[in-house]
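Using the sequences and the accompanying hints, generate a full structural model.
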Amino acid sequence: MNTVPIVFTFDANYRLPASVALQSLFENAKDSTYYHVYLVCEGLSRGDKDAIESICPEKNGRVEWIDVDNELFSSAPSSENWPKIVYARILLPLLLPFDKVIYSDVDVVFCSDLAEIFQIEVDGCEWAGVAAELVAFQEGVARCHNVHCEYQNELIYMSGFMVMNLRLMREKDTVGRCLNNISKFGSRLKMYDLEILNMSSDNIARIDFSYCVLENVFFAKNVSEAKEYPWLRGLYRVSELEAARSAPRIIHFAGSDTKVWERYCVPQVYRKYLAVSPFRSCYVFSNVFKVLLLLVVRLVTKVVPKKQRGFIRRKAKWLCSQSFSCWFRKGFLAN
Numbered sequence: 399m400n401t402v403p404i405v406f407t408f409d410a411n412y413r414l415p416a417s418v419a420l421q422s423l424f425e426n427a428k429d430s431t432y433y434h435v436y437l438v439c440e441g442l443s444r445g446d447k448d449a450i451e452s453i454c455p456e457k458n459g460r461v462e463w464i465d466v467d468n469e470l471f472s473s474a475p476s477s478e479n480w481p482k483i484v485y486a487r488i489l490l491p492l493l494l495p496f497d498k499v500i501y502s503d504v505d506v507v508f509c510s511d512l513a514e515i516f517q518i519e520v521d522g523c524e525w526a527g528v529a530a531e532l533v534a535f536q537e538g539v540a541r542c543h544n545v546h547c548e549y550q551n552e553l554i555y556m557s558g559f560m561v562m563n564l565r566l567m568r569e570k571d572t573v574g575r576c577l578n579n580i581s582k583f584g585s586r587l588k589m590y591d592l593e594i595l596n597m598s599s600d601n602i603a604r605i606d607f608s609y610c611v612l613e614n615v616f617f618a619k620n621v622s623e624a625k626e627y628p629w630l631r632g633l634y635r636v637s638e639l640e641a642a643r644s645a646p647r648i649i650h651f652a653g654s655d656t657k658v659w660e661r662y663c664v665p666q667v668y669r670k671y672l673a674v675s676p677f678r679s680c681y682v683f684s685n686v687f688k689v690l691l692l693l694v695v696r697l698v699t700k701v702v703p704k705k706q707r708g709f710i711r712r713k714a715k716w717l718c719s720q721s722f723s724c725w726f727r728k729g730f731l732a733n
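Per the working numbering, residue 399 is the first one in the sequence shown, and the count goes up by one each step.
Relax, there's no trap hidden among the hints.
For lysine-lysine, the following DSBU-like pairs were computed, each having C-alpha atoms within a straight-line distance of at most 30 Å:
1) 570 to 482
2) 657 to 625
3) 657 to 588
4) 457 to 670
5) 428 to 670
6) 619 to 670
7) 498 to 447
8) 570 to 498
9) 670 to 657
10) 457 to 498
11) 670 to 625
12) 482 to 447
13) 482 to 657
14) 447 to 657
15) 625 to 482
16) 670 to 447
17) 588 to 482
Derived DEER-like restraints, expressed as beta-carbon distance ranges:
18) 443 to 617: 32 to 40 Å
19) 476 to 451: 25 to 33 Å
20) 547 to 457: 44 to 52 Å
21) 645 to 476: 29 to 37 Å
22) 548 to 568: 15 to 23 Å
23) 451 to 401: 14 to 22 Å
Quick caveat, the hints were computed from the structure, so don't treat them as lab data.
Quantities reported herein were computed from a predicted structural model and do not represent experimental measurements.
Each residue gets a CB set at the ideal place from its N, CA and C atoms; glycine is no exception.
Given below as C-alpha cells:
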C-alpha cells in the first residue's frame, strides 16, 4: 500500500468545493493507494466535519483535522477570493511530522491517482509545482503574475498544487522567511500565497502542466483561444498544452469570474461529483434563491421610478455573483 499524505486548507465558505475535491480524489485512487488527508480549516461546524469525513472510504484513507490560529497572519493582506486561511499552507513544515507531503487547493477535480507524483525527487528543492511563466521579460508574451526582485528562481510557479519537501523547509526555516516576507512586502502582494512562496524559496522543482490544467485551457475549442494562453505561451507549446488537457491529472477551476460551484450551468466533469456532495443542497438552494431574486427584481423594476431601476438591477446582479454563504456572512439575508 502506498501511503500519500495530502493537505487541503479552506474555510466554511469552501466546504462544498472541498467535498467535490475529496470525492474526485478517492474515486480516482488506485486500490494500492491510501490517502492520509489533513484538512487545515477555519469555521467549520462539527456537522460540516462529519459530512466531509463521510466521503472518505476506510479502505482508501483517513481524515484528520488541524485548526490554525490566523492571528499569525494578522498583518497579511486578504480578500474575498483569498481569505487568510490560504496562508496556512506556509505552516505545514511546523504542523506535520512528515518529510514530504502533497498540498492542493480545493477548487479542483482530480482525474488520476497521486501516488506517482508523490514519488518524484525533490532533494535540494523546497517544493515542486507547475510552472506558470518566466520571471524574465519576454517580448510578445503577456504577463499575468507580479514579478518581485526577491524571486530566486527563473520561473514563477503556481502554488495550487505542490509536492512539499517539509524536511528541507524546516532546515531552511522557510516558514520564518515566509512570515518575514509577509510582514515586509504584504502591500505589494497580488496573488498572496503564490508570491510569498516563490519569494521565500531558493529552489523549486518543476512538474508537468497536466497537474494544473486550468479550466479555460481544458474547455477551450483550441488552447490558443484560452484567456491564459497569452502568458502560458512563453513556456508551453500548443502541443504540450493539448497533451496535458487530453489527459489531465488535475483540472483547476481558476481564472473565471464566477466560481464553478456557484454557476447555473456546471460542467459535467464537475457536476458528477457535485451531485453526490453532502453539501449539494447548498448549491441547489443558492441557485433557486437567485432565480427567485431575479424574478422579483423584474417585477419591481416595472413599478419603481426609472432613476432607481439601474441601482436595483446592479444590486441584484452583484448579489447573484456572490456565494450563498457570503450573503449570510455580510448580513444580506440575516434576520
